[in-house]
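Peer 1: Using the sequences and the hints given, assemble the complete structure.
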Amino acid sequence: MEYSVKENKDIESSVPLSSTEPEEWTMEIKSNPGLFDLNLKELWRYRDLISLIVKRDFVSAYKQTVLGPVWHFAEPMVTTLTYAFIFGGIANISTDGLPRILFYLSGIMLWTYFSNCLLNTSSTFNANAHIFGKVYFPRLVMPITTTISSMIALGMQFILFILLVLFYYVRGENINTNIYALLTPLLVIMIAGTGLGLGMLLSSVTNKYRDIAKLVGVSMRLLMFATPIIYPLSKVPDKYKPIIMLNPMTSIVETFRYGWLGTGSFSWNNLGYSLIFMLVSLFFGILAFNKVQKTAIDTI
Amino acid sequence: MTVVVRVENVSKKYQLGNIGTQSLKGDFNRWWARMRGKEDPFAKIGDESQHQNGEFWALKDINFEVKQGEAVGIIGKNGAGKSTLLKILSRITNPTIGNVKIKGRIASLLEVGTGFNPDLTGRDNIFLNGAILGMTKREIAAKFDEIVDFSGIEKFIDTPVKRYSSGMYVRLAFAVAAHLESEILILDEVLAVGDTEFQKKCLGKMDDVAHKQGRTILFVSHSMQAVTTLTNTCIFLKNGQLKSQGFTQEVIKGYLQSDPSALEQLIYIDSPSNLEPKVTKVEIESSESSNSQAYGKPMTILFNISTPSPIKSAALSFQVMNSMDQPVTHLLVMDSEIPIARKSGLFELQCHIPKVRLYPGNYTLKVHFADRFSKQKYQTIERICPFEVGVYGEIRDYYWGTGNAMYVEDCDWSVVCMDQYSKV
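Protein sequences appear in the order of chains A and B. Quick note, the first sequence lines up with residues 905 to 1204 if you use the working numbering. Quick note, the second sequence lines up with residues -12 to 411 if you use the working numbering.
Be aware that a few hints might be false.
Below, computed lysine-lysine pairings styled on DSSO-like, alpha-carbon distance capped at 27 Å [said to hold, decoys possible]: (1) A:Lys959 x B:Lys54; (2) B:Lys88 x A:Lys934; (3) B:Lys54 x B:Lys199; (4) B:Lys124 x A:Lys959; (5) B:Lys88 x A:Lys1198; (6) A:Lys1195 x B:Lys90; (7) A:Lys967 x B:Lys142; (8) A:Lys959 x B:Lys149; (9) B:Lys364 x A:Lys1198; (10) B:Lys47 x A:Lys1195; (11) A:Lys934 x B:Lys0; (12) B:Lys364 x B:Lys265; (13) B:Lys199 x A:Lys1198; (14) B:Lys54 x B:Lys225; (15) B:Lys199 x A:Lys934; (16) A:Lys1195 x B:Lys88; (17) A:Lys945 x B:Lys90; (18) B:Lys90 x A:Lys934; (19) B:Lys364 x B:Lys330.
Over the 10 Å line for every Cβ pair with chain B, so calculated as not near, a few chain A residues [said to hold, decoys possible]: (20) Ile1035; (21) Val1039; (22) Ile1063; (23) Phe1129; (24) Lys1139; (25) Asn1174; (26) Leu1191; (27) Ala1192.
Some, not all, of what chain B presents toward chain A, calculated at C-beta under 10 Å [as the list claims (entries may be wrong)]: (28) Lys74; (29) Thr101; (30) Ile127; (31) Asn261.
These are computed hints drawn from the structure, not numbers from a lab. As the structure is a prediction and not an experimental result, all values here were calculated from the model. Every residue gets a Cβ at the ideal spot worked out from N, C-alpha and C, and that includes glycine.
Peer 2: Now the structure itself:
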């Protein structure tokens, strides 16, 4: 009896507190925020942080190196030369009649960008565990900065690529740059979006299971061979073609080569498939990332 | 006063072993064991009330409110849930149950220099760190001069911070944080860094922020001293639950009495070393319990020293420091007066003060240990054995206002009648 009276009192005293004051809170930290509670407005407020981190990545990556940003060219160039020698010179894999350097460089730079976006994003929580554990800012900032930083590197490689295209053109090689080259910005966005989307999807798992992070690293290396990077799509036997076409990167790489170099294949259907793939992966990626970010720090 | 932070029924659950197997195999084993109705092979054994079915409740049903302009301390021993609470308030992790409502911009400082990049200059790091803490470029630019001024490293502002001394690094980092534009500031023991002078500057700045600028502060610290100086009210957490809440002095008193391990901090203990002479223990035997000393009553200070080799001319001394960290008295003992540690081993020294004349207030000890022959200073131990001098049982028609004096001299008053006026 006494107990129930006491309980009533408690309710009476606590109810007016919350109901009579129509209080305005700037922020609520909830135990179970909605799945679509993205808070993009907040992300926008942190745009300065994004630009500063991009700047930091760029500046600090080449501090105390003599060549500085030249390394951005050196790395893909070395890979390109190696591939040109091994896959072209020794294994004699066809390049659809294109100069080997151009053929491999175009594939390598696009693939490197995709792979960087995906791998860096997928390890967002583990790589930034320290900073995430000490300060709050929208976690999406980190994948976005990675994407932008890698895009800068891609941009520099792209300049190198154009110079080489000009060089071979002047030398009279069979290069037919056409109107489809204008699709390049879209292609880059598609690579970024797919890498980001898949990366975010994986980041929600890798932060709990470190095994996945290793697995992702290995699969990315293998996946490269399921993309027409070191071989043209035209040389893929018909029975394997559908499998290769499932890879969203396939049509992107092929479109890029088609636009800039004039060989390869292009179809709006295939590109449309890659676009839808990107949108779907981005959608689920953001959802998963958003869900995991709230408590990710507990699992790292 | 409006409520700016409201914590409602906040609980936080952790999986035991911190979701812990970190691998698919581990989780698979756990799942397999559960399917067969066996015990979780990764569960840790513990019988505390916080542990249930492989879960650990770091916080349970926390409710409190903070009003605008209040400075609130959060105390409790390690593992009481202080850090978890701060993490939830600063949005690093979400609560399992419950809500936190916040009015105004919130900035948290759980560490100084988060995100500092060693390769960047001081200038770049101010911007980067400021942005990480939630400021925009424009806000930082507006405060830039103030920040540099406070840090006192104008000359090196364009030097990469990896060339900084650790002190300079901390100064710069703290300077950025201290100039955050936010209505609510969350602080975690960041004051435990830097040199004493800078620490005081920081404390001063914090005090300024809390009391003059009317900002709200939530402050976690193990230093009762800092909590007392900075905060008016306190929250005491124990095993994830809110134990008491109220005026700082009272909550601290309750905390010290209820928590035997908090009392251990009243005693300085260190393990002996095979390499060098060391002070291994300093303990105050005060007239009242838990380092409370009555003014005018005797007090004894016990020192244990250990030395692996004989010391030729040992000297041990201690200063009594007041709450402003100023020395009030310096008492010393030397080998030339009484032989100390002339052979290797463990020694106990006692210093007996027959009548404590320190003015009522809070004090700590600063202990020095040296060899006067080799001119080698073994140790300086600062801010240990905090004790409080109070007036107990001394009934006098006198107001012992804080800070009126450093100590009270022994004296005898007498009144002598010199001349007598003629009858009025």
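Peer 1: Which numbered conditions among the earlier hints are violated in the structure presented, ordered from lowest to highest?
Peer 2: Numbers 1, 9, 13, 15, 20, 21, 31, in rising order.
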